[in-house]
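K.L.:
Sequence:
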Amino acid sequence: MRRENNAQEFDRLRAKYRNFKRTIPQKAAITMVNFFKRNFNVGGFVDVPFQKWKKSTYPGARTTMVRSGNTRREIKKIQVSESRVVVGIGNHNHYAKIHNEGGKILITPKMRRFFWAKYKESGKEYWKWLALTTKTHIEIPQRKFIGDSKALEKTLDRMILSELKKITS
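With the sequence shown counted from 1, adding 194 to any position gets you this note's numbering.
It is possible that part of the hints are untrue.
Unchecked claim - Cross-link-like lysine to aspartate or glutamate pairs, in silico, EDC-like; alpha carbons within 20 Å at most: (1) K329 with E319; (2) K338 with E268; (3) K348 with E319; (4) K271 with D342; (5) K231 with E319; (6) K318 with E295; (7) K298 with E276; (8) K246 with E276; (9) K215 with D205; (10) K231 with E203; (11) K246 with D351; (12) K221 with E295; (13) K359 with D241; (14) K231 with E333; (15) K270 with E347; (16) K249 with E333; (17) K291 with E333; (18) K338 with E295; (19) K215 with E357; (20) K348 with D241; (21) K249 with E357; (22) K249 with E315; (23) K271 with D205; (24) K360 with D205; (25) K221 with E333; (26) K210 with E357; (27) K231 with D241; (28) K270 with D205; (29) K344 with D241; (30) K210 with E276; (31) K215 with E268.
If you are wondering where the hints come from, they were derived from the structure by calculation, not from laboratory data.
Given these sequences and hints, build the entire structure.
P.N.:
Okay, structure coming up:
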């Protein structure tokens, strides 16, 4: 009789473990996506230590990196399997990389025409000086919003431990 109880208990634990192994990557991916999206709310990269974003020089700028919300919306689960979880930016956001890593972008004649159009539309000196600048590049400061984070590792560890406690109780 005791062996049957042990066998049933073992089968129950094995089923819970299989379910845990199947669902934990999906839960981890959702946790990661929400963690990276939260960086936009707090205005910096949540890590140890917190990395605050440099303020925008754009006139009338709202919160940094939140003008249209496209970059935040493009943070998605790319691949989720039992052995690997990949979270990243969707294909349609070509400027997310330069914001995340920082760098220089080339000022093209098309950009200068855009700056003139913005100046004529708004009358703001900011656009005039961008159109008239002799610089050939614009420096985009790094505003990291996705990447390795010790704070994310701690969050995932806590989530996994709480899920393990659920199946063992």
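K.L.:
Does each hint hold? Answer for all of them.
P.N.:
Here is how each hint holds up against the structure:
1. Using a Cα cut-off of 20 Å, the hinted pair K329 and E319 holds, with the two alpha carbons roughly 17 Å apart.
2. At most 20 Å may separate the alpha-carbon atoms for a hinted pair to count; K338 and E268 meet this at roughly 15 Å.
3. As the CA atoms of K348 and E319 are separated by approximately 46 Å, the hinted pair breaks the 20 Å bound.
4. For the proposed pair K271 and D342, the alpha carbon gap of about 15 Å is at most 20 Å, so the pair holds.
5. Restraint check for K231 and E319: the C-alpha separation of about 33 Å exceeds 20 Å, so the hint is violated.
6. Distance hint between K318 and E295 is unfulfilled; the C-alpha atoms sit about 29 Å from each other, more than 20 Å.
7. At most 20 Å may separate the alpha-carbon atoms for a hinted pair to count; K298 and E276 exceed this at roughly 38 Å.
8. With a CA separation close to 34 Å, the supplied pair K246 and E276 exceeds the 20 Å bound.
9. This hinted pair checks out: K215 and D205 have alpha carbons roughly 15 Å apart, not beyond 20 Å.
10. The straight-line distance between the Cα atoms of K231 and E203 is roughly 41 Å, outside the 20 Å bound, and the hint therefore fails.
11. Distance restraint check for K246 and D351: the Cα-Cα separation of roughly 24 Å exceeds the 20 Å cut-off, and the hinted pair is therefore not satisfied.
12. The straight-line distance between the Cα atoms of K221 and E295 is roughly 27 Å, outside the 20 Å bound, and the hint therefore fails.
13. Using a Cα cut-off of 20 Å, the hinted pair K359 and D241 is violated, with the two alpha carbons roughly 26 Å apart.
14. Only pairs whose Cα atoms come within 20 Å are accepted, and K231 paired with E333 is rejected, the gap being roughly 24 Å.
15. The hinted pair formed by K270 and E347 meets the criterion: a straight-line CA distance of about 18 Å does not exceed 20 Å.
16. Between K249 and E333, the direct Cα distance comes to roughly 13 Å. Compliance with the 20 Å bound is thereby established for this hinted pair.
17. Under the criterion of a C-alpha separation no larger than 20 Å, the hint pairing K291 with E333 is consistent with the structure, at around 14 Å.
18. About 6 Å separates the Cα atoms of K338 and E295, which keeps this hinted pair within 20 Å; it holds.
19. The hinted pair formed by K215 and E357 meets the criterion: a straight-line CA distance of about 10 Å does not exceed 20 Å.
20. Proximity of K348 to D241 is assessed by CA-CA distance (about 10 Å); at most 20 Å being required, the pair is judged to hold.
21. For the suggested pair K249 and E357, the alpha carbons sit about 39 Å apart, so the restraint of at most 20 Å is broken.
22. At roughly 24 Å between alpha-carbon atoms, K249 and E315 are farther apart than 20 Å, so this suggested pair is violated.
23. The straight-line distance between the Cα atoms of K271 and D205 is roughly 32 Å, outside the 20 Å bound, and the hint therefore fails.
24. With a C-alpha separation of about 16 Å, the suggested pair K360 and D205 falls inside the 20 Å cut-off, and the hint holds.
25. For the given pair, K221 sits about 37 Å from E333 by alpha-carbon distance, which is inconsistent with the 20 Å threshold.
26. At roughly 11 Å between alpha-carbon atoms, K210 and E357 fall within 20 Å of each other, so this suggested pair holds.
27. Straight-line distance between C-alpha atoms of K231 and D241 comes to about 14 Å, which keeps the hinted pair within the 20 Å bound.
28. About 36 Å separates the Cα atoms of K270 and D205, which puts this hinted pair outside 20 Å; it is violated.
29. At roughly 6 Å between alpha-carbon atoms, K344 and D241 fall within 20 Å of each other, so this suggested pair holds.
30. At roughly 15 Å between alpha-carbon atoms, K210 and E276 fall within 20 Å of each other, so this suggested pair holds.
31. As the CA atoms of K215 and E268 are separated by approximately 27 Å, the hinted pair breaks the 20 Å bound.
In this structure, the earlier hints numbered 3, 5, 6, 7, 8, 10, 11, 12, 13, 14, 21, 22, 23, 25, 28 and 31 are contradicted, and the remaining ones agree with it.
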